[in-house]
Structure formats: structure tokens, C-alpha cells
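Listed here are the chains, written in short residue letters.
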Amino acid sequence: MKIKDLPDDNLFTAGHTACPGCGVAMSIRNAIRILGKDTVVYVPASCAVVFGTTFPFGAWKVPFFHTAFENTGACLTGMKAAFEMKGKKVTAVGFAGDGGTYDIGLQSMSGAAERNDDVLYICLDNEAYMNTGIQRSGGTPFGAWTTTTPVGKKVQGNRRFKKNLADIVAAHEIPYYATLSIGHPLDFIKKVEKAMTFKGFRFLHMFTPCIPGWKMDPAKTVEVTKLAVESGMWTLYEIENGEKKITYKPGKMKRVRDYLMMQGRFRHMSDDDIKTLQMWVCKKWNLHYKEKGAPEVCEIAPPEEHHAVTEEHREMHGP
Amino acid sequence: MKKVITGDHAVAIGAKLSRAEVVPAYPITPQTLIIEHIADFVNDGEMDAKFLTMESEHSVMSAATAASAAGARVFTATSSQGLAFMHEMLYATAPLRLPIVMVNANRTLGGPPGIWCEHNDSMGARDSGWLQVYVEDNQEALDMVIQSYRIAEDKRVLLPVMPCIDGFVLTHTVEPVDVPQQQDVDSFLPPYMPDITLDPAKPALFNTLMLPEYIMELRRQTAGAFESAKKVISEINDEFAKKFGRDYGGMIDTYRMEDAEVALITIGTVTSTSREVVDELRKEGEKVGIVKLRFFRPFPAEDLKRVLSGVGAIGVFDRSISYHGGGHVFNEVCSALYGITKPIINHLAGIGGRDVTKEVIIKMFDLTLKAAKGEKVKEINWHNTRGETV
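From first to last, the protein sequence lines are chains A and B. For the first sequence, this note's numbering begins at 1 and goes up steadily by one. For the second sequence, this note's numbering begins at 1001 and goes up steadily by one.
Treat each hint with caution, since some may be false.
List time: in silico DMTMM-like cross-link candidates among lysine to aspartate or glutamate, alpha-carbon distance up to 20 Å [as the list claims (entries may be wrong)]:
{"hint": "1", "chain 1": "A", "residue 1": "K245", "chain 2": "A", "residue 2": "E173"}
{"hint": "2", "chain 1": "A", "residue 1": "K86", "chain 2": "B", "residue 2": "D1195"}
{"hint": "3", "chain 1": "B", "residue 1": "K1287", "chain 2": "B", "residue 2": "D1366"}
{"hint": "4", "chain 1": "A", "residue 1": "K61", "chain 2": "A", "residue 2": "D9"}
{"hint": "5", "chain 1": "A", "residue 1": "K86", "chain 2": "B", "residue 2": "D1186"}
{"hint": "6", "chain 1": "B", "residue 1": "K1202", "chain 2": "A", "residue 2": "E84"}
{"hint": "7", "chain 1": "A", "residue 1": "K86", "chain 2": "B", "residue 2": "E1153"}
{"hint": "8", "chain 1": "A", "residue 1": "K86", "chain 2": "B", "residue 2": "E1046"}
{"hint": "9", "chain 1": "A", "residue 1": "K88", "chain 2": "B", "residue 2": "D1195"}
{"hint": "10", "chain 1": "A", "residue 1": "K61", "chain 2": "B", "residue 2": "D1195"}
{"hint": "11", "chain 1": "A", "residue 1": "K88", "chain 2": "B", "residue 2": "D1048"}
{"hint": "12", "chain 1": "B", "residue 1": "K1287", "chain 2": "B", "residue 2": "E1261"}
{"hint": "13", "chain 1": "A", "residue 1": "K220", "chain 2": "A", "residue 2": "E230"}
{"hint": "14", "chain 1": "A", "residue 1": "K199", "chain 2": "A", "residue 2": "E243"}
{"hint": "15", "chain 1": "A", "residue 1": "K86", "chain 2": "B", "residue 2": "D1199"}
{"hint": "16", "chain 1": "A", "residue 1": "K37", "chain 2": "B", "residue 2": "D1199"}
{"hint": "17", "chain 1": "A", "residue 1": "K86", "chain 2": "B", "residue 2": "D1048"}
{"hint": "18", "chain 1": "A", "residue 1": "K88", "chain 2": "A", "residue 2": "D38"}
{"hint": "19", "chain 1": "B", "residue 1": "K1231", "chain 2": "B", "residue 2": "D1154"}
{"hint": "20", "chain 1": "B", "residue 1": "K1358", "chain 2": "B", "residue 2": "E1276"}
{"hint": "21", "chain 1": "A", "residue 1": "K37", "chain 2": "A", "residue 2": "E84"}
{"hint": "22", "chain 1": "A", "residue 1": "K226", "chain 2": "A", "residue 2": "D187"}
{"hint": "23", "chain 1": "B", "residue 1": "K1287", "chain 2": "B", "residue 2": "E1276"}
{"hint": "24", "chain 1": "A", "residue 1": "K61", "chain 2": "B", "residue 2": "D1199"}
{"hint": "25", "chain 1": "B", "residue 1": "K1202", "chain 2": "A", "residue 2": "D9"}
{"hint": "26", "chain 1": "A", "residue 1": "K284", "chain 2": "A", "residue 2": "D273"}
{"hint": "27", "chain 1": "A", "residue 1": "K252", "chain 2": "A", "residue 2": "E230"}
{"hint": "28", "chain 1": "B", "residue 1": "K1202", "chain 2": "A", "residue 2": "D38"}
{"hint": "29", "chain 1": "A", "residue 1": "K89", "chain 2": "B", "residue 2": "D1199"}
{"hint": "30", "chain 1": "A", "residue 1": "K89", "chain 2": "B", "residue 2": "D1048"}
{"hint": "31", "chain 1": "A", "residue 1": "K245", "chain 2": "A", "residue 2": "E291"}
{"hint": "32", "chain 1": "A", "residue 1": "K254", "chain 2": "A", "residue 2": "E230"}
{"hint": "33", "chain 1": "A", "residue 1": "K88", "chain 2": "B", "residue 2": "D1199"}
None of these hints come from the bench; they were simulated from the model.
Produce the complete structure using the sequences and hints provided.
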């Protein structure tokens, strides 16, 4: 399917109440256009329940189901079993956030993956608990400010690296895992379409900027996403029946600092912390992109661009 | 056809005869035999159902809820810690009006660990929106699985039902059970035909966020369905009795209550032993009887008022403690009989799986008879227990 061929059937309609520039809303809207109307959607506790379905309004034109936070995998399993008993050809799709997947929903996702139930699990990763007001999750990157990893006098931001969910999911030996970005629509379309061709548990991992959570310009959702990919903070690849394939390789690696400085959640980061994160990104970059025999890539931001955390900064950017 | 089977086996046969289509399961003692038998039925091709081996009870009730919303007849079973683990999901099922049937094998909950019969597990779920029925023997366990689907799927009710069976006393004990014929069950229980499901041909949104200006009406509707259920339970009991020849009385059952001066309210398997005790005490000239509490939700307040109007004192047996003084049944009975000035005496026994012997039940009647004669009797009595409370 080409971009111009994407149906404009409004299966997730305009008029929902997501923030302008919401990466989650963009991902849902485009994914459902590709998935089509023979789809039933499960959404766990998240912004998507609030902005998509606040009674008596609803943005979905496909059946929608919600019950709790930690059970996307199990709910997909249950509804798919019912569809199979009734002989209905329906795609069971879950749209869960990073908290609902990396943390509280990990067990339920793992159960569905291990059983290889014939469902499509989509993780919308905005790197924190945004619906509850920006708290750290297992998907929060190193250094990021959240309300539970505040920039304090003693400790600044999240001290752990983003959890390697991809390897956890892939270890279940499922037919298809892919990472997606709304900044790369052709790659996005191809992967959603491809996921539909497999039978069994399929996992699409979407990178979804959050305007208030990342403290960024709502006009820059796509730009930030692209920069995440160009800097190596987000990598585009797929794992098909155990075979990993890079689907997009950036040219020269952009500095992680450039990505960080577009977002208020990172602007407090010290030179040392940026260096630490850059090292982590370099390791990931080499793991994904380095060809056999090629030299290792590493780019460390120069110290003169150090942004100290000042009172003025706190006032401007929140904590 | 008569078969000598355990309570768990009887329940599994009940689910098969009810043609449950999706069975998500997770093992917990003493429920395990139920899901093992169902797995056998499915793998032997005797039961056309999806048997889902979930990774936790929370996922069991999540899958059950989703499968039910997608239009399937759903059965599952759990116990104790498992019921506690799925507690969150119990609350999602009722407002969605999903007629799931789940058997709970009553077992000790929390600390200290124990696997034997106690009602503290299901009593903790009494306000989660599930109908609850407590049974006396394996026959009633099987029959109530079938009846539960009729009650749950009745358009006047549309609520989940939890038949509760005493752990080990029933689950692992064999009794002769009359297994109904499939064609008889089919004519009693037609296929589940919900009006609204998760169907792309007729898209609907289930369980959207609801603001304060709407949510109260929804709660009121659910509460209303519990009221309607009382009539439906009675109708279905009568219909079942006509068809299968077994009359359980509906919300409650009574034994030798016609001229009784003292009544013992029982729940679960203790009823059987109590029947014998009543017969013996009657021979000695004591006018005693039993009110068997079957449904705990909805609570049969009107029925109790009616059958207890002539007695001088009421004993209430409890196999659970609510840390509010007495047991759960006692508290509900006091609330139902509010304003009636006759002694109500609570008898706590069998907690943690301790045997409730005839001697213990005789003691319950003795104390209640004393109260009826105006003697001073403690309101709450822990029977067959060492030491004093601190």
C-alpha cells in the first residue's frame, strides 16, 4: 500500500481529544487505516481510553474493548478464542502503552506471546506513564525528567537505561516483531501490512512522542521522531521468524545531544550524563548498524554545550 | 445416568453439558480437578471449546471477560488466592453485564497458608457484582452450573454467577451424582445469543470512560439487575425441578421449619450434617429446623423474614470471619432482620477447614435453644476452638 492509497475511512475519527501533536493518536489513526474494518481493538488504561472514548462520545468505528491496565495480552487471547469459536475472521489488536507493556502488562503480554496466540500487539511507547501525569516507566530513557525521577539537588532524572523490551519479546520466538516510527511512513505501512500476513503473535513497537510528557513543541512530533532514528535513540528493524533485519539505516550518526535538546525532559542533563547516554547509544548503534569488519562508531558531544541546571532553567522548563 | 464422582468432576461435566465455548484456566488447589477434567474433554473431542492455558488468574478473568464480550459462553473455575488475584477483573465483569459462570472452590485465603475449606475467599468478592450460590453436595454443584447459565444469561439479569463449592469436602470427595442427558440440558439451556458483542459488522464500544453525570445510573441498573435476579432464580429453580426432578428451593431451602421454634441458618456442606442433627434433636422433642442459605448475592432478605417469622431464636453458622465481630452471613442476617427483636446467635466453625462434626452442630442448637428460652448467651461463639480471644 502506498501513502496515497491509504483509505480515509476514518476508523479512528477526528474529534478525539488527544493533545495536538500526540504521537499515540497519529500512530493509532494510521495503523487502523491499514488494518481495516474487520478489526476489534483492545485498549488498556491509558490516554487512548480517555481521548478516544469518553462516554457518550467515541472516536472508534471498529469495536472497542477496555477493562484494566495489565491485561492486553490476555484480553486479546480471550476475544480471539471467541472469534475462532464463532468462525469469524477478525483481527484482534491491542494498543498498549509502555507502562502497560514494559511493566504492569509484561506478564500478560508474555503469556499471549508464549502461547503464540493469533493476535496483533501494538506497543505505543512514549517512554513514561503519561496518562497519570508523567511518571517513570521501564521504557523511560536515561537522564529523562519525570515526576518520579525529578531533577533534584542530589539526583537528576532517571538513572536507569531504557529496558530492552525487543529482546524480551523476541525471546518468545514469535513470528514477527518490528519497530516503527511515524517519521518513516513507508516503513510504517510496510510493517503493519506485513504483520497482518503472519499467523500467531505479532508485536509492533511504535515510537510515539508525548508533547506534555517530553516538554516539546507540538509541531515537532515528526521531526523529533526522525531525529530519534538519526541519532540511534530509536532503531528501525524487524525480526521475522528469528531473522533480524535493519529496515532503515541512517547516514552519519547525529549527536544524541541534538535529539535531547529539542525536549524539556532532557535539557537539565549534565555533560557527564549526556556522555553516558551517548555511550549507550553508540553501543546500540554498533550492535544494529556496524557491518562486519567496519570500525566502531562513537560520537561524544563536546563539553562546551553543557547546559547547567539553573533556577532560571527550572522556571522555564518545569523541574 | 448415576456416576460416583468428585465435586470437581461434577462441575466439569456441568460445564460440558452447558456447552461452554471458551474456558480460560489457571490451576489452584482444590479447583485443579475441574480444569483437568475439562482439558480431557476438549482433548478427547467430547467438548467443543477453546481451552486456554493462561499464565495467571488475573489473565483468566481478563480472557473470560473479553471472550464473553465477543459473544462466547464462558466457563472457568478458581479458588482462594486465585480469586483474590483476579479481584480487579471481577469488578469489570458485572457492569459490562457479561454472563460468565465461574465456580469457586472455597479455600482458606491469605496467611497463614492453608488449602482447606473456608468461605473467606468468596465472601471477599461479595460486592464485586457477581451472583453467589453456595451448594451442599456434588449433585447440586453440577445442577447449579447449568442453572447458573440460565440465570446469568436471562435478559432481566445479565450478570456473572459464582457457584461456590466447599473445598475438599466436595471438590475431592466422591458421591453418587445423577448426570443429566445432553439433550435434556440442551432443551433447558438454549445457546447464548447476546444482543451486543464485539462484532465489526455492528461496531460497539465496550467500557468507555464515564463521567460522574452518567456512572451513577449504570450502578443503579446493575443493582436493579440483582433485584430482578431474585425472581429469575425462583422461576429457573421451578423449571429445573419440573424437568430434572430436583427442587433446590430457589434463594433458600428449608428443612423441618414448619413448626420450628429455633432455626439454624446454614451455608454450604454443613447443611447435610445439620439435617441429621435436626432429626436427632426432633426425636428428643426439640422443635428445631434449618434454613439453608443458597444465594448470598442477591441476599434473600425477604425469604428469611418470611420463614423465620415464627421462631424464638436464630442461630447463624459462618465459615468465614469479617473482623467486624461475627461472620459474613451473621452480619447480613442481622441487617436483613433489622427491627426484629429476637436473639440472633452467631456460630463460627469450620474455619481453615476444621471439621464441623455433629457434636459441634448440637452445641450450636443448644446455645440457640437457650437464647430462645431467654437465657443469656454470647452473641458470637467460636466453636471447637482452643483458648480465649485476646
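(message) For a C-alpha distance cap of 20 Å, please report whether A:K61 and A:D9 respect it.
(response) holds, 9 Å
(message) What's the verdict on B:K1202 and A:E84, does the C-alpha distance respect the 20 Å limit or exceed it?
(response) Holds, because 18 Å separates the two Cα atoms, which is no more than 20 Å.
(request) Quickly compare the C-alpha distance for B:K1358 and B:E1276 to 20 Å and report which way the hint goes. (result) holds, 8 Å
(message) Checking one constraint from the list: CA of A:K88 to CA of B:D1199, max 20 Å. Satisfied?
(response) holds, 9 Å
(request) For the pair supplied as a hint, A:K89 and B:D1048, confirm whether the alpha-carbon distance does not exceed 20 Å. (result) holds, 19 Å
(message) Check whether the Cα positions of A:K245 and A:E291 lie no farther apart than 20 Å.
(response) Judged against 20 Å, a Cα distance of about 13 Å means the pair holds.
(request) Would you mind confirming whether the straight-line C-alpha gap from A:K86 to B:D1048 stays at or under 20 Å? (result) holds, 11 Å
(message) For a C-alpha distance cap of 20 Å, please report whether A:K89 and B:D1199 respect it.
(response) holds, 10 Å
(request) For the pair supplied as a hint, B:K1202 and A:D38, confirm whether the alpha-carbon distance does not exceed 20 Å. (result) With a Cα-Cα distance of about 11 Å, the restraint between B:K1202 and A:D38 holds, given a limit of 20 Å.
(request) Sort out whether A:E230 lies within 20 Å of A:K254, counting only the CA atoms. (result) Given that 20 Å is the threshold and the Cα spacing comes to 6 Å, the pair holds.
(request) Given the hint that A:K86 pairs with B:D1195, test it: the Cα-Cα distance must not exceed 20 Å. (result) OK: A:K86 and B:D1195 at ~15 Å, within 20 Å.
(request) Verify the proposed pairing of A:K86 with B:D1186, using a straight-line Cα cut of 20 Å. (result) holds, 18 Å
In this structure, every one of the numbered hints holds.
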